[in-house]
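Below, each chain spelled out in residue letters.
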Amino acid sequence: MSEDTLLDTAEGFEPKIVGFLCNWCSYAGADKAGGSQKSYPPNVSVIRVMCSGRVDPQFVLKAYSAGADGVLILACHPGDCHYKEGNYMAMQRHRILLRMLSEHGIDSARCRFDYVSAAEGDRFIEILTEMVDTIRALGPMVSDNTVGNKIMVKRS
Amino acid sequence: MKIGVYFCNCGSNISDKVDSEQVRQVIETMGDVAYFKTNDLMCSDDGKAFLHEDIAAENPDRIVIAACSPREHENTFMRVLTGVGMNPYLMQMANIREQVAWVTDDIGEASLKAATLIKGAVKRVGFHKPLEKKSIDMSPDVLVIGAGPAGLKAALTIAETGRKVVIVEKRPVIGGQPVLYEEVFPNLECAPCMLEPMLNDILHGEHAVNIEILTLSEVVELTGFYGNFIAKVKKTPRYVDLHQCIGCGECIGVCPVDVKNECNNGLDGRKAISLSFAGALPNVPFIDMSACLRARDEECRLCEQSCPLGDGIILYGDVQETVERHIGAVIVAVGASLYDAGLIPKLGYGRVPDVYTSIEFERLLSSTGPTGGQLTTRSGRQPKSIAIIHCVGSLDANHKEYCSGVCCQSAFKFNLMAGHKLHETRIYHLYKELVYPGKEEFFLYKRARENPNAAFIRYQNIDRLMITEEEDGIMIENTLSVDGSIKADMVVLCAALAPAKDTGKLNEVLDTTADTYGFFEELHGRLDSARSKVRGIYIAGACQSPMNIQQAITQGMAAAGYVLSGLVEGKQLDIEPITASVDTDRCSGCRVCMLLCPYRAIGFDDDSRKSSVNEVLCQGCGTCVAACPAGAISGNHFTNEAIYAEIEGVLA
Ligand SMILES: Cc1cc2nc3c(=O)[nH]c(=O)nc-3n(C[C@H](O)[C@H](O)[C@H](O)COP(=O)(O)OP(=O)(O)OC[C@H]3O[C@@H](n4cnc5c(N)ncnc54)[C@H](O)[C@@H]3O)c2cc1C
Ligand code: FES
Chain A
5 MSEDTLLDTA EGFEPKIVGF LCNWCSYAGA DKAGGSQKSY PPNVSVIRVM
55 CSGRVDPQFV LKAYSAGADG VLILACHPGD CHYKEGNYMA MQRHRILLRM
105 LSEHGIDSAR CRFDYVSAAE GDRFIEILTE MVDTIRALGP MVSDNTVGNK
155 IMVKRS
Chain B
5 MKIGVYFCNC GSNISDKVDS EQVRQVIETM GDVAYFKTND LMCSDDGKAF
55 LHEDIAAENP DRIVIAACSP REHENTFMRV LTGVGMNPYL MQMANIREQV
105 AWVTDDIGEA SLKAATLIKG AVKRVGFHKP LEKKSIDMSP DVLVIGAGPA
155 GLKAALTIAE TGRKVVIVEK RPVIGGQPVL YEEVFPNLEC APCMLEPMLN
205 DILHGEHAVN IEILTLSEVV ELTGFYGNFI AKVKKTPRYV DLHQCIGCGE
255 CIGVCPVDVK NECNNGLDGR KAISLSFAGA LPNVPFIDMS ACLRARDEEC
305 RLCEQSCPLG DGIILYGDVQ ETVERHIGAV IVAVGASLYD AGLIPKLGYG
355 RVPDVYTSIE FERLLSSTGP TGGQLTTRSG RQPKSIAIIH CVGSLDANHK
405 EYCSGVCCQS AFKFNLMAGH KLHETRIYHL YKELVYPGKE EFFLYKRARE
455 NPNAAFIRYQ NIDRLMITEE EDGIMIENTL SVDGSIKADM VVLCAALAPA
505 KDTGKLNEVL DTTADTYGFF EELHGRLDSA RSKVRGIYIA GACQSPMNIQ
555 QAITQGMAAA GYVLSGLVEG KQLDIEPITA SVDTDRCSGC RVCMLLCPYR
605 AIGFDDDSRK SSVNEVLCQG CGTCVAACPA GAISGNHFTN EAIYAEIEGV
655 LA
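Line by line, the protein sequences are chains A and B. Letter by letter, the first sequence follows residues 5 to 160 in the numbering used here. Letter by letter, the second sequence follows residues 5 to 656 in the numbering used here.
Because the hints were derived from the structure by calculation, they are not lab data. Don't take each hint at face value.
[Said to hold, decoys possible] Result set (DSS-like, lysine-lysine): computed pairs, CA atoms no more than 27 Å apart in a straight line:
hint, chain 1, residue 1, chain 2, residue 2
1, A, LYS88, B, LYS239
2, A, LYS88, B, LYS425
3, B, LYS52, B, LYS236
[Stated by the list, open to error] If you only want the chain A side, here are some residues facing chain B, beta carbon under 10 Å, derived:
hint, residue
4, GLY16
5, PHE17
6, VAL22
7, ASP35
8, LYS36
9, PRO45
10, VAL48
11, ILE51
12, ALA67
13, PRO82
14, CYS85
15, MET104
16, ALA123
17, ARG127
[To be verified] Not close to chain A: a few residues of chain B, all C-beta gaps over 10 Å, as computed:
hint, residue
18, LYS52
19, GLN103
20, GLN623
21, ALA656
For glycine and all other residues, C-beta sits at the position ideal for the given N, C-alpha and C.
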């Protein structure tokens, strides 16, 4: 049973989404979207990492536990990673992460992995808008959500 | 900890959409921030001066700059911090222009989002540590592997600046493939006349003192990293003193042993002591010990006895040795080889005597070749017709899918050179595609077309061609049609350029990578084709991709350019501080990081069974940091703590 079925979609719900963007393609793509000055929903807070390969699954869990309703991981297109293959690692980790999340009843749509190049400002807006719409439809994560905390592997 | 926030209006780019007052109120409720100041245009000279003075006055521990994208001005502001004596890594930018002001319609929403991003930055910056750029000494010397046009041009360009260059060449001669040619396309100029001045510059020119040439040698090990490589080179003995021999050739005439001459593809013979061909440089013979009688315990000393310089020139006691060279950079220029025409058996190579590869045909045309430049069949007849087959193994999914770009030109060269030697001989060009890009190349094609004895015939698929030996010559049938057959006395197979024989082995030694076709892989096909993916290892010439001499020379110069600009005498190598580092106490020695690192920057100590990161090679991607199951690796500036804090900050 998904946690979402436990909730009714709250009125006036504004999704909180954290976006992890690699510096070289996706972050530059977001800058490109900025440069084109087209407006898009303000729900995504972008956190810059050098490469999508840096995105530790624990970042995603941390985001959920800190109150995110969704997480977006954006990488360079296959073959374009500035560091050769970090995006392949990211893609594989995302797959594993989705399995883990589904075991904990978190809808896989709450964690999206995609590719955005430095030229694809419009694609960035499209993916971001879709993500906001999806999360809006899914509704908030349980307010006292501890899912992230529960499955966070403490490594220290 | 004193944290200050600077809010840039960016002219009115930001302030039109983001209300700094509203932002200030939100930020001040955080309690973490000592002050919040606005400025109209922080990247301007006035703005930078303001920032400089204000940091000097406030003396904060950390600052956040809420402005444009860090991709635009992070470096600008880092320089201001350095200028005022604050560590530049103690700053974090919040991108409230590209990600907020320019993309959010509603002022309230925009102000709230800006505050959110600044909160993340404030939380994060608390975890920033001061980082220092380190620097280490570099060796300005360079190793060039392969003495073809690409490698030699690179070596010469570097040696001209007074740098030391070591050239490692596996054959006894320098000059690469083109020393085998009589003439070169596209203008059919005399190949030795073109090459010899360059070869002489290398051997005896003004800068030759800076060049060490190791012939009959191979690189067997490379350790270290950019600026500080150690190369081990295996030298096969030449048995003749390279520096004292004057190349008179007396020794060659007296040698009683005849063997096949591999330089002429076995089309003629040579002695156990020989030059590769007349005029080969360095002009010093070598002894082929596999053929020499002395290797069979016979007491032959004929060559030594014939030497007019007396004892000490012929060195029977020469032994194989491995030498070490300390260099800062490596240029790989090992060229390409011909695709094996034997892999298309119907073409008769190796089965039908007068079927030759293009390189063999070059030798038949050459005055230093097996026939002294006489164009004759194996039975000594003048050929009445020659069939030149293009695209052998190229443009073919069963062989090599690419076009080598040089074979058509060499085929046109053969047409004209054969035409000059034998006025009556018919030339057939059998081709799949004809390719002649470039400002000079079409002209050669036109001349080949104008040869009244030449005919151009297109075939569809090389597998349909069947070459057999008949009593009165060679039959080339197109098995698709009955009347599609040609009689010829000689067949030339213009095979694709394929990776040189030991490319795979060399890639292993150098830790470089191969592309889909097995050529040395470049860092970027268009922007950085003379650089490998390993820092400090450059690639030039046909080992990177099939190419002609002009392109190989240009790429040699490009590789030299990288070396000269990056590896400057006396300059130290700056090491970016954003790298990973291993906490050895936590490292369990599983080596997951080593498998993942795209730069081979992670080493493993067999004794302590711990990994460690080489800061020179590490590019700071953080892939290993995210992967370490023990959490033993941290990424400078992008530490888990910093990112967790940012996550919490933007969600607070
Ligand atoms: C039949 C034919 C005809 C051609 N005619 C022309 C022409 O007329 N005009 C033209 O512009 N181009 C011509 N080309 C193309 C030309 O040969 C190449 O562009 C040129 O040789 C490339 O130079 P390079 O220095 O990259 O490699 P190469 O000339 O191949 O030189 C590479 C050198 O590296 C050495 N080497 C190889 N492996 C190792 C190793 N592991 N360790 C140490 N040394 C090693 C080799 O022995 C060689 O000396 C022709 C090509 C063919 C096949
Ligand atoms: S740098 Fe963009 S995914 Fe690696």
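Broken hints, by number:
1, 2, 3, 4, 5, 13, 15, 16, 17, 19, 20, 21
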